[in-house]
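K.L.:
Using the sequences and the hints, build the whole thing.
Chains as they are written, first to last, in this note's numbering: chain A, 2 to 355; chain B, 2 to 355.
Mixed in with the good hints there might be a few duds.
Simulated pairs of lysine-lysine, DSSO-like, Cα-Cα distance not exceeding 27 Å [claimed, not checked]:
#, chain 1, residue 1, chain 2, residue 2
1, A, 313, A, 279
2, A, 25, B, 49
3, B, 26, B, 313
4, B, 49, A, 42
5, B, 42, A, 49
6, A, 49, B, 77
7, A, 313, A, 260
8, B, 272, B, 77
Far from chain A, some chain B residues (derived; all Cβ distances over 12 Å) [unchecked claim]:
#, residue
9, 50
10, 69
11, 71
12, 78
13, 238
14, 288
15, 310
16, 316
17, 339
18, 343
Some chain A residues flagged as far from chain B (calculated, every beta-carbon gap over 12 Å) [to be verified]:
#, residue
19, 43
20, 166
21, 196
22, 325
23, 339
None of these hints come from the bench; they were simulated from the model. Where is the CB? At the ideal position from N, CA and C, for every residue including glycine.
Number of protein chains: 2
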Amino acid sequence: MSRFWSDTVRNILPYVPGEQPQDKKYIKLNTNENPYPPSPKVIEAIRKEIGSDLRLYPDPEASLLKEALAGFYRVKPGEVFVGNGSDEILAFCFPAFFNPGDVITFPDITYSFYPVYAELFGIRYETTALNSDFTVDLGSFPEHADGILLANPNAPTGIAVGLNEIEVLLQRNSNKLVIVDEAYVDFGAESAVPLVKDYDNLLIVQTFSKSRALAGLRIGFAIGNRDLIEALDRVKNSFNSYTLDRVAIRAATEAVNDKEYFAEITGRIIKTREETAKRLVSLGFNVLPSRTNFLFVSHDRLSGMELYSMLKNDGILVRHFNRKGIENYLRITIGTEEEMEALVERLSCYVKSV
Amino acid sequence: MSRFWSDTVRNILPYVPGEQPQDKKYIKLNTNENPYPPSPKVIEAIRKEIGSDLRLYPDPEASLLKEALAGFYRVKPGEVFVGNGSDEILAFCFPAFFNPGDVITFPDITYSFYPVYAELFGIRYETTALNSDFTVDLGSFPEHADGILLANPNAPTGIAVGLNEIEVLLQRNSNKLVIVDEAYVDFGAESAVPLVKDYDNLLIVQTFSKSRALAGLRIGFAIGNRDLIEALDRVKNSFNSYTLDRVAIRAATEAVNDKEYFAEITGRIIKTREETAKRLVSLGFNVLPSRTNFLFVSHDRLSGMELYSMLKNDGILVRHFNRKGIENYLRITIGTEEEMEALVERLSCYVKSV
Numbered sequence: 002m003s004r005f006w007s008d009t010v011r012n013i014l015p016y017v018p019g020e021q022p023q024d025k026k027y028i029k030l031n032t033n034e035n036p037y038p039p040s041p042k043v044i045e046a047i048r049k050e051i052g053s054d055l056r057l058y059p060d061p062e063a064s065l066l067k068e069a070l071a072g073f074y075r076v077k078p079g080e081v082f083v084g085n086g087s088d089e090i091l092a093f094c095f096p097a098f099f100n101p102g103d104v105i106t107f108p109d110i111t112y113s114f115y116p117v118y119a120e121l122f123g124i125r126y127e128t129t130a131l132n133s134d135f136t137v138d139l140g141s142f143p144e145h146a147d148g149i150l151l152a153n154p155n156a157p158t159g160i161a162v163g164l165n166e167i168e169v170l171l172q173r174n175s176n177k178l179v180i181v182d183e184a185y186v187d188f189g190a191e192s193a194v195p196l197v198k199d200y201d202n203l204l205i206v207q208t209f210s211k212s213r214a215l216a217g218l219r220i221g222f223a224i225g226n227r228d229l230i231e232a233l234d235r236v237k238n239s240f241n242s243y244t245l246d247r248v249a250i251r252a253a254t255e256a257v258n259d260k261e262y263f264a265e266i267t268g269r270i271i272k273t274r275e276e277t278a279k280r281l282v283s284l285g286f287n288v289l290p291s292r293t294n295f296l297f298v299s300h301d302r303l304s305g306m307e308l309y310s311m312l313k314n315d316g317i318l319v320r321h322f323n324r325k326g327i328e329n330y331l332r333i334t335i336g337t338e339e340e341m342e343a344l345v346e347r348l349s350c351y352v353k354s355v
Numbered sequence: 002m003s004r005f006w007s008d009t010v011r012n013i014l015p016y017v018p019g020e021q022p023q024d025k026k027y028i029k030l031n032t033n034e035n036p037y038p039p040s041p042k043v044i045e046a047i048r049k050e051i052g053s054d055l056r057l058y059p060d061p062e063a064s065l066l067k068e069a070l071a072g073f074y075r076v077k078p079g080e081v082f083v084g085n086g087s088d089e090i091l092a093f094c095f096p097a098f099f100n101p102g103d104v105i106t107f108p109d110i111t112y113s114f115y116p117v118y119a120e121l122f123g124i125r126y127e128t129t130a131l132n133s134d135f136t137v138d139l140g141s142f143p144e145h146a147d148g149i150l151l152a153n154p155n156a157p158t159g160i161a162v163g164l165n166e167i168e169v170l171l172q173r174n175s176n177k178l179v180i181v182d183e184a185y186v187d188f189g190a191e192s193a194v195p196l197v198k199d200y201d202n203l204l205i206v207q208t209f210s211k212s213r214a215l216a217g218l219r220i221g222f223a224i225g226n227r228d229l230i231e232a233l234d235r236v237k238n239s240f241n242s243y244t245l246d247r248v249a250i251r252a253a254t255e256a257v258n259d260k261e262y263f264a265e266i267t268g269r270i271i272k273t274r275e276e277t278a279k280r281l282v283s284l285g286f287n288v289l290p291s292r293t294n295f296l297f298v299s300h301d302r303l304s305g306m307e308l309y310s311m312l313k314n315d316g317i318l319v320r321h322f323n324r325k326g327i328e329n330y331l332r333i334t335i336g337t338e339e340e341m342e343a344l345v346e347r348l349s350c351y352v353k354s355v
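P.N.:
The structure is reproduced here in structure tokens:
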């Protein structure tokens with residue numbers, strides 16, 4: 002610690018991303034990356050971007066990407082915001098839409114970055130309990146809250162709520178901003194994008210890191226009515242004029258345009274997920290119903306920590322959250338069929354040995 | 002405006018980056034980009050990075066780049082922070098080192114993003130006047146301030162202070178954090194990096210967007226003692242785990258390692274700057290002594306706005322700040338010899354016609 006640290010820095014507990022050990026080659030099922038490479042058209046487009054123009058600043062508006070996203074989601078370019086991963090966009094939401102003293106609310110078991118943002122920007126937060134089956138109780142958010150932050154599907158449970166339920170939530174909370182974090186929505190859940198035209202209290206945040214296989218380039222986007230997007234633009238332009246680099250803008254644009262490849266790889270991941278879930282159930286695992294590219298599972302006879310450690314020892318990385326209520330669960334990213342085969346084979350051995 | 006806007010968003014006046022008009026092809030001397038392409042070794046290294054691994058998150062620590070920078074600047078990797086452009090790092094400094102109510106101070110004529118950061122993060126700021134010759138009065142910073150933010154060389158004046166003066170500033174303000182923004186230092190000014198080992202109140206911020214010809218990839222870095230770097234890490238890890246993408250990390254690392262190319266292009270820009278300055282003086286321009294990749298100039302018979310407009314009309318973009326005290330000046334980026342030839346030729350015509 003230094004005498005120059007602010008109170009914020011002294012008190013904050015930063016988010017810890019999934020481990021990336023370098024000691025050996027692992028089957029990496031711990032950070033919800035896509036097991037398939039980006040579209041060949043993305044790679045091709047990047048190759049064309051690599052040259053002398055890297056000396057020039059990117060387009061601060063990233064108009065090319067906004068237009069592609071607007072086309073894909075059937076909204077207007079002015080209803081789209083882009084940023085350096087959905088993490089950056091979620092961070093911007095705090096100073097954009099909340100004042101010190103305001104309260105934002107989210108489930109107690111959800112993406113664990115949310116309370117960190119609140120601490121960083123000095124916004125209060127209140128959490129609500131999940132139902133006993135790990136579903137979100139959409140009626141539980143406190144009336145006095147100024148905003149709701151909902152991951153749909155939720156992480157790390159993988160459970161989604163339907164579009165009708167989101168619409169009811171928006172209607173019941175018309176005086177509150179509702180931010181829906183759809184990081185995993187492309188793996189079989191329903192996006193709330195079609196509701197944007199009718200609800201000015203809805204902001205949707207998505208990422209290119211999961212379904213579009215571009216975690217390495219850091220791209221996220223938000224969709225909402227123009228006024229909400231303008232607020233994010235004002236924060237971004239008061240923070241960093243150019244958050245997306247030339248390569249990322251070009252790559253993301255091509256990723257949006259290659260709809261067939263996107264459908265193919267998300268379809269494959271969903272298929273592998275369903276097959277893996279069935280096999281884990283047959284091994285006695287409790288498997289929550291997932292609409293994401295991961296499974297959240299537990300076993301009565303083996304603790305989450307034991308399973309995590311045995312798998313790591315055998316060269317398979319999964320994510321374990323040492324947190325009350327979910328300490329016996331593992332979050333397992335859906336990899337290739339071969340990777341899941343290796344996982345199931347290992348888990349099968351552990352289960353048979355106890 | 003929306004009922005969901007925070008007070009911050011309602012009141013803030015975002016930074017406006019240099020224009021990028023698309024109506025025709027301009028000689029672009031308005032955003033201080035490097036006229037030369039990145040090192041061929043950088044391009045080659047990026048080509049190798051473009052592939053399947055883009056599906057994976059980057060190293061959140063960007064260790065490869067930190068080690069390269071530590072080697073180049075003869076500091077330890079733990080004394081280096083990296084970010085999405087120096088703008089992002091400067092932004093992080095506000096919540097990292099200042100509490101609401103604290104006062105940060107900087108000259109009234111300097112990088113116009115500084116007051117915007119202060120507004121965004123709710124930190125007070127006080128500015129001090131430059132001397133009449135546009136040099137910074139290092140004795141003018143108020144005693145009650147909690148921190149000093151100094152661009153050296155200063156922008157948009159281009160004028161640098163020497164290492165001895167920085168050391169005296171650090172000694173006289175040993176109770177204050179002194180952030181030195183060295184965005185333009187590689188064009189002939191003295192970096193304060195050698196002082197880091199002796200002064201725990203010194204943080205240096207630099208960028209790859211100017212001397213290293215990588216504005217398109219968004220990379221900046223800071224050097225300071227470990228505690229200051231840890232504060233920045235804590236803010237970054239509470240904001241966005243991965244601010245630098247895989248391509249940027251690889252490209253920046255190679256740019257640092259290719260010392261010869263770096264020396265060659267910065268040397269050429271300095272030479273072109275000196276030649277251009279001489280020619281402008283001979284045309285009757287007042288040219289401030291620059292240690293940057295731009296010149297800050299005025300002419301007694303033509304206003305800054307007139308010169309800016311005539312140049313734009315003739316296909317040459319320069320930057321004009323419509324701001325009291327510098328409204329008659331133009332900031333002209335040093336381009337290639339051919340580009341400066343075209344500029345001087347145009348300015349020569351304007352001067353002869355009045």
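K.L.:
Now, for every hint given, state plainly whether the structure supports it.
P.N.:
Verification of the supplied hints:
Among the hinted pairs, residue 313 (chain A) with residue 279 (chain A) is consistent with the structure: their alpha-carbon atoms are about 23 Å apart, no more than 27 Å. Distance restraint check for residue 25 (chain A) and residue 49 (chain B): the Cα-Cα separation of roughly 22 Å lies within the 27 Å cut-off, and the hinted pair is therefore satisfied. Taken as a hint, the residue 26 (chain B) and residue 313 (chain B) pair is honoured in the structure, with Cα atoms around 11 Å apart against an allowance of 27 Å. Our distance criterion of 27 Å between C-alpha atoms is met by residue 49 (chain B) and residue 42 (chain A), whose separation comes to about 17 Å.
This hinted pair checks out: residue 42 (chain B) and residue 49 (chain A) have alpha carbons roughly 17 Å apart, not beyond 27 Å. Distance check on the hinted pair: residue 49 (chain A) and residue 77 (chain B) sit about 36 Å apart at the alpha-carbon level, beyond 27 Å; violated. Distance check on the hinted pair: residue 313 (chain A) and residue 260 (chain A) sit about 36 Å apart at the alpha-carbon level, beyond 27 Å; violated. Restraint check: the Cα-Cα separation between residue 272 (chain B) and residue 77 (chain B) comes to about 33 Å, which exceeds 27 Å; the hinted pair is violated.
Against the 12 Å criterion, residue 50 (chain B) falls within the reach of chain A, whose nearest CB is about 9 Å from its own CB. No Cβ of chain A comes within 12 Å of the Cβ of residue 69 (chain B); the nearest lies about 17 Å off, and the non-interface call holds. With a cut of 12 Å on Cβ distances, residue 71 (chain B) stays outside the contact zone with chain A, its closest approach being about 18 Å. At the 12 Å boundary, the C-beta of residue 78 (chain B) stays outside the reach of chain A, the nearest C-beta of that chain being 15 Å off.
At the 12 Å boundary, the C-beta of residue 238 (chain B) falls inside the reach of chain A, the nearest C-beta of that chain being 4 Å off. Non-interface status of residue 288 (chain B) relative to chain A is upheld: no Cβ of that chain comes within 12 Å, the nearest being about 25 Å off. For residue 310 (chain B), the requirement that its beta carbon stay farther than 12 Å from each beta carbon of chain A is met, with the minimum near 23 Å. Every CB of chain A is more than 12 Å from the CB of residue 316 (chain B) (nearest about 17 Å), matching its label as outside the interface.
Once the 12 Å rule is applied to beta carbons, residue 339 (chain B) is consistent with being away from chain A; the minimum gap is 15 Å. Listed as outside the interface, residue 343 (chain B) is consistent with that label: its C-beta sits roughly 18 Å from the nearest C-beta of chain A, beyond the 12 Å cut-off. At roughly 8 Å, the least C-beta separation between residue 43 (chain A) and chain B is not larger than 12 Å, which violates its mark as non-interface. Its beta-carbon lying about 22 Å from the closest one in chain B, residue 166 (chain A) satisfies the requirement of being farther than 12 Å from that chain.
With a minimum CB-CB distance of about 16 Å to chain B, residue 196 (chain A) clears the 12 Å threshold, and the non-interface call stands. Every C-beta of chain B lies more than 12 Å from that of residue 325 (chain A), the closest at about 22 Å, which supports listing it as non-interface. The claim that residue 339 (chain A) is not at the interface with chain B holds, since no C-beta of that chain comes within 12 Å of its own (minimum 15 Å).
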